[in-house]
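Dock chain W against chain V, hints included.
So the protein sequences, as listed, match chains V and W.
Once you know that position 624 of the first sequence is 624 in the working numbering, the rest is easy, because the numbers rise by one and skip nothing.
Once you know that position 211 of the second sequence is 211 in the working numbering, the rest is easy, because the numbers rise by one and skip nothing.
These are calculated hints, taken from the structure and not from any lab test.
Beta carbons: idealized from backbone N, C-alpha and C, even for Gly.
Where hints are given, some of them may not hold.
What the hints assert, rightly or not - Cβ-Cβ distance ranges computed for the label pairs, FRET-style: (1) W:K567 / V:E186: 48 to 56 Å; (2) V:D519 / W:F32: 50 to 58 Å; (3) V:I568 / W:R277: 37 to 45 Å; (4) W:V18 / V:L203: 39 to 47 Å; (5) W:K586 / V:E469: 53 to 61 Å; (6) V:S572 / W:D11: 22 to 30 Å; (7) W:N165 / V:T22: 51 to 59 Å.
2 protein chains.
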Amino acid sequence: MEKGLSVVGKDVPKIEAVGKATGTLRYTSDIFFPNMLYAKILRSPYAHARVKRIDTSKAQKLQGVKSVLTFKDVPQEPYGLDDLGDPANAIRDKHILEETARYVGDRIAVVAANDIETCQKALEMIDVEYEELPAVFEVGEALKSGAPRVHDYYVMGGRRIEPRNNIATVTTHGEGDVEKGFRDSEYIFEGEYRTSSPQQVPLERTVVVCRPEADGRLSVWSTNQSIHGLRYTICNLLGLPFSKVRANRIFIGGAFGSYIHTRFDEPMCALLALKTRLPVKLQLSRAEVFTSARRYPAILKVKMGFKRDGTLVSQKYDVTYDIGGYDVLGAWVVSATTGWTYSMYRSLHFSYEGRGVYTTTPPPCAFRGFGNPQANFAIESAMDQVAEELGVDPIDLRLKNYRRKGDLVLAQGPQVKHYIESCEVEYLLRKGAEIIGWAGRDGVKRAGKIRRGIGMARGWHASSCSGFEPSGIADTGGAFIKVNDDSTVSLVTALADAGQGELTALAQIAAETLGVGVDDVIVSDADTDNAPYDAVTHASRGIYVGGGAVKLAAEDAKKSLLDWAGKILEASPEDLELKDRRVFVKGAPSKSVSIAQVAASARINNWGTIVGKSSYAASGFAPHFTVKFIEVEVNTETGQVRVVRAICGADVGQPISPMGVEGQLHGGLAQGIGFALMENVSFDDSGNTTNTDFLNYKLLTAMEVPEKVEVFLAPSRESTGPFGAKGIGESALNDVATAVVNAIAHATGVRFRELPVTAEKVLKALRERA
Amino acid sequence: MEKGLSVVGKDVPKIEAVGKATGTLRYTSDIFFPNMLYAKILRSPYAHARVKRIDTSKAQKLQGVKSVLTFKDVPQEPYGLDDLGDPANAIRDKHILEETARYVGDRIAVVAANDIETCQKALEMIDVEYEELPAVFEVGEALKSGAPRVHDYYVMGGRRIEPRNNIATVTTHGEGDVEKGFRDSEYIFEGEYRTSSPQQVPLERTVVVCRPEADGRLSVWSTNQSIHGLRYTICNLLGLPFSKVRANRIFIGGAFGSYIHTRFDEPMCALLALKTRLPVKLQLSRAEVFTSARRYPAILKVKMGFKRDGTLVSQKYDVTYDIGGYDVLGAWVVSATTGWTYSMYRSLHFSYEGRGVYTTTPPPCAFRGFGNPQANFAIESAMDQVAEELGVDPIDLRLKNYRRKGDLVLAQGPQVKHYIESCEVEYLLRKGAEIIGWAGRDGVKRAGKIRRGIGMARGWHASSCSGFEPSGIADTGGAFIKVNDDSTVSLVTALADAGQGELTALAQIAAETLGVGVDDVIVSDADTDNAPYDAVTHASRGIYVGGGAVKLAAEDAKKSLLDWAGKILEASPEDLELKDRRVFVKGAPSKSVSIAQVAASARINNWGTIVGKSSYAASGFAPHFTVKFIEVEVNTETGQVRVVRAICGADVGQPISPMGVEGQLHGGLAQGIGFALMENVSFDDSGNTTNTDFLNYKLLTAMEVPEKVEVFLAPSRESTGPFGAKGIGESALNDVATAVVNAIAHATGVRFRELPVTAEKVLKALRERA
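Only chain V is shown next, with the shape it has when bound in the complex (with noise of 0.2 Å):
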């Protein structure tokens, strides 16, 4: 860990703490505007069907009705997502409303009125006549030659492409000849695991403010994790010069993952605002949220071939990912899930095959893990289960095999390459194993009503999506700077706040490079126009990346501050340093001035101004490393499971702020525990989501969330990142289900292979057992 630091590293109440506490921060659905409309989408009540025909001219004069569109109102073009990679590469197979369902929920037509009420109104009023279509839900299904296609096309790169057997998007890699591997190995063990669909369940409901301004731009604000990317595809989509739409940044009631990228809302509400030349609101309801956004499932394939002594000689993945209706992340989630089941173990030979496939249900998006919490499970049940058949010690078979320092590792794709710095895998076994007293594990109770079992999984996740060749995924950052003559400094950065403490961590940097206090940093409002481009909070890339950006444009301001401080004190810059807002001369500390006199004098004698910028890109994406170690109780006469202790143990680098990771640890554990035990989006044999509110959506709650949950950090550094830190936000998650599964299976002897592990499907395997 890094030395003599004087705010990284110290534990920072959120700078937003007080606003949320008192519930005076204001959120995107806490804005108003005078004569905003709101808007309210029709959404198809089938699977998959052609609008035949659509009559909006009633809903149109309905009073209050301001507007109605269709498809045919918008652009018809097919767009893709494409803010973070090459256009060429986009899977253009959406629009903002669309002719063709192809999911219950569909985006059919939008009204805008003067209240919610008049919207709804409206939406009743419209007349469409729909042709149904065949419907396929579930990936084996529409993986038949025969299935009812999806799409009948998409566009790439100008190209028309029609999928075959509904596969939208394939990613394969290899090392070596998995084959032979097999050939060359003592053991072999296969297996196929099932992951659910959990919805992201952020607190704060999708919600998009448009509002036209009066020099011909429009301003949006919004639930999303992006204000470049927001502007991007409403500018791509609507055919603007950035010059005309600026999104403005705004805290967000959590995210995980489902406001990434650009979907449907933000254009649809913008389209509406430049129709009606009026500011327009879009807020989801509840169940709304429910069919927009959830887990990538996941049928994933492993083959692992072993020498007697647990070594691992030949890996082979397939997975299949359900894409849904449309194209969001599927190909990126494809491509990243190379990296998930590549940079976990080493073997000589190595193979992955990744597709994506269309059927008619709302498509998922990104979730915390982005895939990985998938591979997680498939890679470490498995090596659970091999241990167990081997007689090695789990956790032997994992410190025998594991990437380590120097090793290559890939994250979300092939061409995303890094060679592991910073390593603290051993650690973090080692001192998990020791607190949860793994040696004597099998001592706890394993026979009678309640079963108790102790487990553990291992896991990882990149802490940005930058390789040390380009990736082909924007992933720069900057940031701009400036110090007041009282000493304060001011921040701007693109990167958005979720609830994470993203901000508050990016202060820390700043205030630690300019030796001042975190109460000292103004985090400036941000919005496309002030803001240098920072690609999105996502990929636990935000302090890694986005904190490298701050200590870059800091360490730029600190420049001037100490050139001009030498003016003062008549020592040459390198030979000052910054401490308690005060510039000293080394070794001679009754030699100093503070930062308020420098800045002041820079600016009464025209030395000039102190700001600093930073244009910055991580040579790496710096994996970070996580273990879970777990105690459940198993009631065998009900089926419940209840996990009773946690151990998380985490190599984050240097944490600038511990309790900030303690908290993403804490959170990603019940988020974990939930797809572990009970979360899933599911439907009825029409399509139709069945669980849409928190009565039927079994969101893990306070009452599930274990009481003894104990988190430590190993002692590490990662060169690359800034004080030595990388992320943590993904890799919180990704192991738990799997901790948890393994837990179970010490408990009761049965081996879960698809999630959630419900109460039912336990005690049906008891009993099937017993």
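Using the frame of chain V, we list chain W on its own:
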């Protein structure tokens, strides 16, 4: 002039033109917030009086009243306006509200209430008992021993200073030995001139809105020419760190210097907002505006010694400014007049003594020219008379003596020094003379009822407050720039725009530097959080310093742009140039790539974000020069003077927007004619302002503006300015009144030495002469 310019030097409509033309541009007075309070000030009915007793209890109890403040509720330490200079040199003689009133209209109490009517009622319910003190309305009276003392003391650098004879401030400067100079002279001229005190008359009345924010901060919008100065003064006065206040830039409906400084209204409004925790709007009535700002009236004694051939040998200036009841910019205008007198004409011997004298009248403040129109009236009236008396052509007399290229000049004080680098005074004089037909000027009809006359004057102004040595006046600038990946460019600058086209010209500079169109430049909303420090839009420095800062930031961004373009074009960055939104390989026009492509490529390939910053200080103040040739008609029966033709010539270096410069010259001409002939804030014997509305204050209107106005610009280039530019704002006005009065002298033979030259004065003088 610069060659090969595409955007700079072109006529460009103001970026806010459509918003202004359609009435949709938002000014401070257009800001409304829910629960916003309105504030109104109780003003002293006496010119000099102490509050013996003040009872606000009835007002406090009035329904709708939220706060009533008096001198007891404001910071007790006196303050000065120290945001641009060394705080140790500030004259601290004022409070937000006063216990002792020092002019009729002085600030005794303030009420915040739900509406303005309630404020008015509450003000009437405040019971004040005054102890009337002796008043003094003229500097002559104020200087007498035994005159009433306006301030017993003020505080400077922590010390109490008791002004002798109401003299608040003195500046002296000398070179050579003026008395010897007069002894060496063959002709000596002496004259005393008096200038008047017009109001700036901004179209928008003074208005402030302060809103307490959820996070404990305070947001401020105001008719203020400096967001950083505004923040500085509010924070310093109210004891807040800069991090707690955000001052927001907003378009201002005219300023002309009256909004350079944060005086009383903004801190008062801020205090009310902080006390009530509600948004508060304080807007002055037009009558209040008339008593809140005006030009510093001066008495200028000039003594000049010449050789017979017209060579100026010795100059002595003695200037007394009436600074009213408080020092707003009195010390500074006294200091600045050193430069305004020194820099016009060469002489071996020079002396200047200026003083600022308190009177119990409303304190004047900055007004376009800042002492220079006053000095010009004395100097250029004198030169005209000297030429006549020496029998030399007035133009030749000026050409013999004017300070020119290579000469030392001074500006806002003896310490603000510059060597003239570009100077087209001769061109201006000869060209102006040619256009108006100077050679034949005595041929105009100078007898009968309507007499014609042709006069001229020359003038100059500094383009900033910077000198080649530290000037002690904050004058630095800075800007942030980013390039978006559709070739649009964002510009963040703190500078204000009060209608002069400042932001448009800055956008032109950014566009020119980056090879894009002015429409491609997004001028970001600026506030004290996101914008680098930039002193203030004043002192004709916006283009010269602010533009220099923008150019430097754009060049910084350009560097990244060319670096990355080099990767695409496989060329060295030095071999690249920017034009028409593209990057070209020099000399190979077929090898090019669009800026949009470069920026997109930089983003997708993680080369970096394209940003630039600047910290800018000018090395001098680059004088800009003007001439005015004016033809008047004098009605000998009514005394009325009409300006019938005006030739306005200027050396502004390379004009950024010629149309903008022309606009400045037209505006300055009108304001100068008003200064010459009619405008003046006047008082009755009790110190009441007698003309506080447009019926009684004679503002020059379209009726009085000459129909024939010709503008010409000298071919010029200032190597220290951005693209060769200098300023224009103030010199557009400085010499107008003198040229008008010189033309009246030509028409009538009467030399008026006191402004304004009203019809009454002309008629009286003509009758006396007749």
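Between W:K567 and V:E186, is the Cβ distance one that fits in 48 to 56 Å?
With Cβ atoms ~50 Å apart, the hint holds.
Mind checking the hinted window 39 to 47 Å against the Cβ distance between W:V18 and V:L203?
Distance hint for W:V18, V:L203 holds at roughly 41 Å.
Within 50 to 58 Å or not, the Cβ separation of V:D519 and W:F32?
violated, 32 Å
Do the beta carbons of V:I568 and W:R277 sit within 37 to 45 Å of each other?
The hint (37 to 45 Å, Cβ to Cβ) holds, given that V:I568 and W:R277 are roughly 40 Å apart.
Confirm or reject the claim that W:K586 and V:E469 have a C-beta distance inside 53 to 61 Å.
violated, 31 Å
Between W:N165 and V:T22, is the Cβ distance one that fits in 51 to 59 Å?
holds, 56 Å
I want to verify a distance hint. Is the separation of the beta carbons of V:S572 and W:D11 within 22 to 30 Å?
Violated, at about 50 Å.
Hints 2, 5, 6 from the list above are not met by this structure, while the remaining hints are.
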